[in-house]
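> Sequence:
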Amino acid sequence: MSDLVYRPDGTVRIDTKGDPAAIGQTVVGWDKHSVGLDLGRHDPSALVVLRDRCLPELTGNGWQQRLGKRKRTVVFMETVQLDDFTDLAHWTIRKLEQIPNWSLIIDASGLGKPFSDILLQEGVDHWAAIITAGSAVTKKGHMVWVAKNTLIENMASGFETGDLTIEADLPTRDQLMKEIASFEQKTTSAGNLVLAGGGKGHHADAGIALALAYLETTDLQGGGFSVSTVAGLY
Numbered sequence: 207m208s209d210l211v212y213r214p215d216g217t218v219r220i221d222t223k224g225d226p227a228a229i230g231q232t233v234v235g236w237d238k239h240s241v242g243l244d245l246g247r248h249d250p251s252a253l254v255v256l257r258d259r260c261l262p263e264l265t266g267n268g269w270q271q272r273l274g275k276r277k278r279t280v281v282f283m284e285t286v287q288l289d290d291f292t293d294l295a296h297w298t299i300r301k302l303e304q305i306p307n308w309s310l311i312i313d314a315s316g317l318g319k320p321f322s323d324i325l326l327q328e329g330v331d332h333w334a335a336i337i338t339a340g341s342a343v344t345k346k347g348h349m350v351w352v353a354k355n356t357l358i359e360n361m362a363s364g365f366e367t368g369d370l371t372i373e374a375d376l377p378t379r380d381q382l383m384k385e386i387a388s389f390e391q392k393t394t395s396a397g398n399l400v401l402a403g404g405g406k407g408h409h410a411d412a413g414i415a416l417a418l419a420y421l422e423t424t425d426l427q428g429g430g431f432s433v434s435t436v437a438g439l440y
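Numbering follows the numbering used here, in which position 217 of the sequence shown is assigned residue number 423; successive positions increment by one, without gaps.
Hints in this document: simulated from the structure, not taken from any laboratory. Virtual Cβ for every residue (Gly too), placed ideally from N, Cα, C. Don't take every hint at face value.
Unchecked claim - The list that follows gives simulated cross-link-like pairs (lysine-lysine, BS3-like), each with its CA atoms no further than 30 Å apart:
1) K277 <-> K223
2) K354 <-> K223
3) K345 <-> K277
4) K319 <-> K354
5) K319 <-> K346
6) K346 <-> K384
7) K319 <-> K223
8) K384 <-> K301
9) K384 <-> K319
10) K345 <-> K319
11) K275 <-> K223
12) K345 <-> K301
13) K275 <-> K301
14) K384 <-> K277
15) K384 <-> K354
16) K354 <-> K275
17) K319 <-> K275
18) K301 <-> K354
19) K301 <-> K319
20) K301 <-> K277
To be verified - Pair by pair, the computed Cβ-Cβ distance ranges are:
21) A227 <-> E303: 40 to 46 Å
22) P226 <-> T344: 43 to 49 Å
23) R300 <-> K277: 25 to 31 Å
Produce the complete structure using the sequences and hints provided.
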């Protein structure tokens with residue numbers, strides 16, 4: 207197996223030992239993190255970290271390279287009850303400082319817009335997602351508009367295909383799986399099918415945070431802000 211070189215910007219390359227035969231064969235992979243944050247109103251806010259990896263590998267023909275299978279795995283989840291958005295912003299920043307090569311996406315629906323403004327004032331670039339009706343995903347600047355059905359169905363598709371998984375030893379795995387399972391189809395008075403979280407007292411905040419993080423990897427790559435740190439959150 208060839209040695210891999212992990213660079214501070216999250217890119218990954220095969221160490222070719224300077225062999226001239228490898229010139230022109232390089233394929234660049236990545237090992238980054240997508241962070242989803244769903245804001246609680248009268249319930250806890252939830253932060254989910256999704257590790258997004260796609261590593262280069264040798265084809266078996268000299269230094270010829272290709273990208274291996276892309277893996278997106280939930281590696282961290284935490285909820286917190288902080289009603290003051292400034293306190294929540296500082297809590298979020300402390301978490302981000304422990305995550306290498308991150309992109310952040312938050313639920314900016316409703317009261318989420320003022321929170322997004324606080325993050326921008328603190329110098330934290332991010333995607334601010336407005337969850338809407340309809341079926342499209344559109345973006346302008348750092349703003350994103352996505353239908354709830356599209357958001358949840360995109361996550362469900364990731365699980366079905368195996369592109370999205372949850373770390374087997376994640377301490378909050380059972381809680382997260384219950385939240386994901388709580389999404390169900392309901393029929394509106396107009397006869398339209400919509401996806402909603404579980405019943406009373408079950409807000410599926412972590413499920414939404416995960417769906418947002420996965421959306422960042424499927425539809426929004428190339429945006430957000432990346433950092434590298436020494437400390438590890440998980």
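> Which hint numbers does the structure go against, in order from smallest to largest?
2, 6, 7, 17
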